[in-house]
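Asker: Read off the chains here:
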Amino acid sequence: MNLDLQSVSEALLPYVAETAWWASIVILGTMLVQNGLYVLQLVLAFSVLHRWRLIPNANRAWRQLSDTTSPISLLVPAHNEEATIVENVRSMLALHYPRFEIIVINDGSSDATLQTLIETYGLAPISRVHEEEVPHRPIRGIYGSPGYPNLIVIDKENGGKADALNAGINLSRFPMFCAVDADSILEADSLLRAVQPFAEDPDRVIAVGGTIRIANGCRVRGGRVVEVGIPDTLLPLFQVIEYIRAFLIARLAWSRLNALMLISGAFGIFRRRVVVAVGGYSHGTVGEDMEIIVKLHRFMREKGADYEIRFVPDPVCWTEAPTTLRVLASQRKRWQRGALEAFFRHARMFLNPRYGVAGLIGMPHVFLVDVLAPPVEVIGYLLIPATWYVGILSWDFFLAYLAVTFVLGVAVSVGALMLEEMELRRFPRASHLVLLAGVAVLENFGYRQINNLWRVAGYWQFLRGKTEWGRMTRAGFKRA
Amino acid sequence: MTATHLFPLNETVILTGIWWTSLALAALSATTMLLLVVRRLFQERRKRKFDERRKALTQLVMIFLDAPADDEAVRAMCRGADLKLVLEVGSGLSKGRRRRSRIARTDLYVLVDIAQDLLGSVRGASREQVIDLLRQTGAEAALLKDLKSWRIGRRVKAIETLALLPGAEVIAALGEALADRNPDVRLAAASALVNMGHDVTVAQLVEKLEVGVVIRSRMLRDIFRVVATRDTGDLIELLDSEPPNLVAALAIYAIGTTQDYSLIPVITRHASRPAVDVRAEAMRALAAIGHPAAGPTVMAGLRDPAWEVRTEAAICAGRIPLPNAVPLLQERLSDEQWWPRFRAAEALREIGGRGRYTLEQARKGQGAAARIADMVLAEEESAAA
Chain Z
16 MNLDLQSVSE ALLPYVAETA WWASIVILGT MLVQNGLYVL QLVLAFSVLH
66 RWRLIPNANR AWRQLSDTTS PISLLVPAHN EEATIVENVR SMLALHYPRF
116 EIIVINDGSS DATLQTLIET YGLAPISRVH EEEVPHRPIR GIYGSPGYPN
166 LIVIDKENGG KADALNAGIN LSRFPMFCAV DADSILEADS LLRAVQPFAE
216 DPDRVIAVGG TIRIANGCRV RGGRVVEVGI PDTLLPLFQV IEYIRAFLIA
266 RLAWSRLNAL MLISGAFGIF RRRVVVAVGG YSHGTVGEDM EIIVKLHRFM
316 REKGADYEIR FVPDPVCWTE APTTLRVLAS QRKRWQRGAL EAFFRHARMF
366 LNPRYGVAGL IGMPHVFLVD VLAPPVEVIG YLLIPATWYV GILSWDFFLA
416 YLAVTFVLGV AVSVGALMLE EMELRRFPRA SHLVLLAGVA VLENFGYRQI
466 NNLWRVAGYW QFLRGKTEWG RMTRAGFKRA
Chain E
82 MTATHLFPLN ETVILTGIWW TSLALAALSA TTMLLLVVRR LFQERRKRKF
132 DERRKALTQL VMIFLDAPAD DEAVRAMCRG ADLKLVLEVG SGLSKGRRRR
182 SRIARTDLYV LVDIAQDLLG SVRGASREQV IDLLRQTGAE AALLKDLKSW
232 RIGRRVKAIE TLALLPGAEV IAALGEALAD RNPDVRLAAA SALVNMGHDV
282 TVAQLVEKLE VGVVIRSRML RDIFRVVATR DTGDLIELLD SEPPNLVAAL
332 AIYAIGTTQD YSLIPVITRH ASRPAVDVRA EAMRALAAIG HPAAGPTVMA
382 GLRDPAWEVR TEAAICAGRI PLPNAVPLLQ ERLSDEQWWP RFRAAEALRE
432 IGGRGRYTLE QARKGQGAAA RIADMVLAEE ESAAA
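Chains as they are written, first to last, in the working numbering: chain Z, 16 to 495; chain E, 82 to 466.
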């Protein structure tokens, strides 16, 4: 019997070794393609930013852009935001924009979010004409105040962020709406800057995303970032680099090709009628921000319409990054689930020429980065050392592979920092640049790997059909 | 099994290649970061200097605006080069002499920066003084030179500032910029020329800006609006030449902004064109004019097959207001689309009298018409409460 087993294992060994070899090649290939894509994105992003005409300050933005704007509804879904909602609404009321309304949607908060708003802004129940154009959970009441004629508060049963946004869409009356997170801070002129593409090409542009930046380390007063800084702890610092890479490279590059597949839920502007035409935000997804964009691409392509979904780098929305591993892990797992949900709901677009660049570039990129890469990379962490250990992979080759992977990662981050510095220059001090360069190196030793593990955990949750958001606790902005 | 199984190259060659690539990328990254930091330090220094000069020159410009000839006050506040600058400029202006002062090129851009902010907020004599200051210091000449810059942003910025400095030389340069290879530059030049009151024909604008083909910006609306304030003949001629839809919509919009009711027949002639956008724009233009002579066209709009046009027609009927449109608006309360229903209900409320009575009666009924009537009246009641 023993002899039989031995002979079987001896017979199988070459096949196992061959499989392991090819798996290693797939893993290395995936990583190289991914890094190659980063380099391509970097070049595209540079070409866009180089042409971008940055308006230097808020006064000039007003003078140059305010005449070309259309009215806009700010939709602010709020769930248990009693601590920050008043200040954030106040900062939104002070936005520099010719005509806008703010619609706060209290999504069944269990804390005093609604009561705080009612008391602070002197709100009272009102009637507002609206149509149920997109589905959502029942509205319990609508509130307004003569003192703040452009502020509306909707109180509704809890249904999640997508549901809250749908309620806001139904009550909005302007041709465009801007989805904003209740815990984010918009810069005073961010709306003005973000609607620029709508003004440049009003018939074709259907959605625009702005940049999200990490507010940890910045000084905030009265719901405004009054001094830009960088975080003083490592975890948010890693996220600063990640955000710069994501927004300044990936989104800008794909926006150039009209293959942008994600506009952050924290700050995105949409043409209302198109979102209504696709049925609004989808329920039962934690990645409603990505899903709506993929859905818009699909709808417009199936209709044969000429359209654009753009990203603009200079309007900024500030958000607070998680400061603990637990909260960050929960966020990253949710993001991974969201990406997988969006991809598999619209899988027919993948490599389908009918969907143009969205199907041939956007979806394959999502497939590579969000579907394929997380498990492949994690398998790589296990398999590559194992193949080296059993002698399939040479030590020299293993070391060289590690070196090129790390160096490519650092080079892409440095490229992103270069774009940031040359075109936007948001970090006030040279020392910030030095620190961020160091972080770009450091993140390769542990942070990237743990991130991949979280993404694989998100994968697992997706396969198990988990739909909850998870708890997102924040430390709060640094007050000035 | 090694890498050579896959590649027909020697393993050492592959490894050497990978290591050299890694080293080259690492060196490139390190050098890039070093250069960025050095560049930043240099720029910080330059910015500090710019800010210092801006502060000093802002003070000088303010003194100059208050009392350009008051040498004593100027001497009390200025030192060295600043004093020379302000005295030269001040004396040139106060004595009516047109003489270009020589100032540093960096100061020119500081002055332009200050002037851009000032010109957005000052009017009358002060505005003229700022403009004179830009001319006398040579800033205008520097901006004209910037029109030839290879940087698009610099060309556009120069045009935006030159737009504030009317003069033959500037107009000629902006005319040339109208043929620039970049559409943003052409658009900025067109906007500048039109806003300066220069006679650019609509046909020229459409041709140079490739309206609807290359440029679709909302800035075009502003340009066409300004053209319409001077002469609508061009626009009417353009409309009658069956232009592309976007051009027709722009021309109709511009005619509407004149609020000249004698132009209603022009809009009416084009209110039944095949393009929905053009028909909807015609309704908006009629609403902007707000004259009852538009009644028959608006009523035709209320029966339009496109809901966008019916919506705009309902808004128009309420804005004029048109009591004769009440029966049609009542029909629209049961429109298959929500927006025409909503705007028809609002229009009935705005028309008042018979319109309001119709709305109140509809509220007592059933179906979509009753729902929308109820909501519009309830909203009004809650606002009044």
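These are computed hints drawn from the structure, not numbers from a lab. This structure is a prediction, so every number in the text was calculated from the model and none was measured. Mixed in with the good hints, there may be bad ones.
[Said to hold, decoys possible] Pair by pair, the computed Cβ-Cβ distance ranges are:
no., chain 1, residue 1, chain 2, residue 2, range
1, Z, H65, E, A260, 22 to 28 Å
2, E, G201, Z, D218, 28 to 34 Å
3, Z, D218, E, A222, 52 to 58 Å
4, Z, P161, E, A260, 26 to 32 Å
5, Z, G453, E, G201, 41 to 47 Å
6, Z, P390, E, V119, 51 to 57 Å
7, E, R350, Z, G237, 52 to 58 Å
[Said to hold, decoys possible] Short derived list, chain E residues pointing at chain Z, Cβ under 8 Å:
no., residue
8, W100
9, S103
10, V118
11, L122
12, S298
13, L344
14, P346
15, W419
All residues carry an ideal CB built from backbone N, CA and C; glycine is no exception.
Asker: None of the hints should be skipped; say for each whether it holds.
Answerer: Hint by hint, here is what the structure shows:
Distance hint check: the CB atoms of H65(Z) and A260(E) are about 23 Å apart, consistent with the given range 22 to 28 Å. Taking the beta carbon of each, G201(E) and D218(Z) are about 30 Å apart, inside 28 to 34 Å as hinted. Judged by the Cβ atoms, the range 52 to 58 Å given for D218(Z) and A222(E) is violated: they are separated by roughly 40 Å. At roughly 54 Å, the beta-carbon separation of P161(Z) and A260(E) lies outside the given 26 to 32 Å, and the hint is violated.
Checking the proposed 41 to 47 Å range against G453(Z) and G201(E) shows it holds: the Cβ atoms sit about 42 Å from each other. Taking 51 to 57 Å as the suggested C-beta distance range, the pair P390(Z) and V119(E) does not conform, at roughly 42 Å. Our hint of 52 to 58 Å for R350(E) and G237(Z) holds, since their Cβ atoms are close to 54 Å apart. With a least beta-carbon distance of about 6 Å to chain Z, the hint placing W100(E) at the interface is held under the 8 Å criterion.
Hint status for S103(E) relative to chain Z: holds, with the closest Cβ pair at about 4 Å, below 8 Å. The interface hint given for V118(E) holds, since its Cβ lies 5 Å from the closest Cβ of chain Z, which is under the 8 Å cut-off. Interface restraint check for L122(E): the shortest CB-CB distance to chain Z comes to about 5 Å, inside 8 Å, so the restraint holds. Given the 8 Å rule on beta carbons, the hint for S298(E) holds: about 5 Å separates it from the nearest Cβ of chain Z.
The interface hint given for L344(E) is violated, since its Cβ lies 23 Å from the closest Cβ of chain Z, which is over the 8 Å cut-off. Hint status for P346(E): violated, given a least beta-carbon distance of 28 Å to chain Z, over 8 Å. The restraint placing W419(E) at the interface with chain Z holds, with a minimum CB-CB distance near 4 Å, inside the 8 Å limit.
The structure is inconsistent with the numbered hints 3, 4, 6, 13, 14, although it conforms to all the rest.
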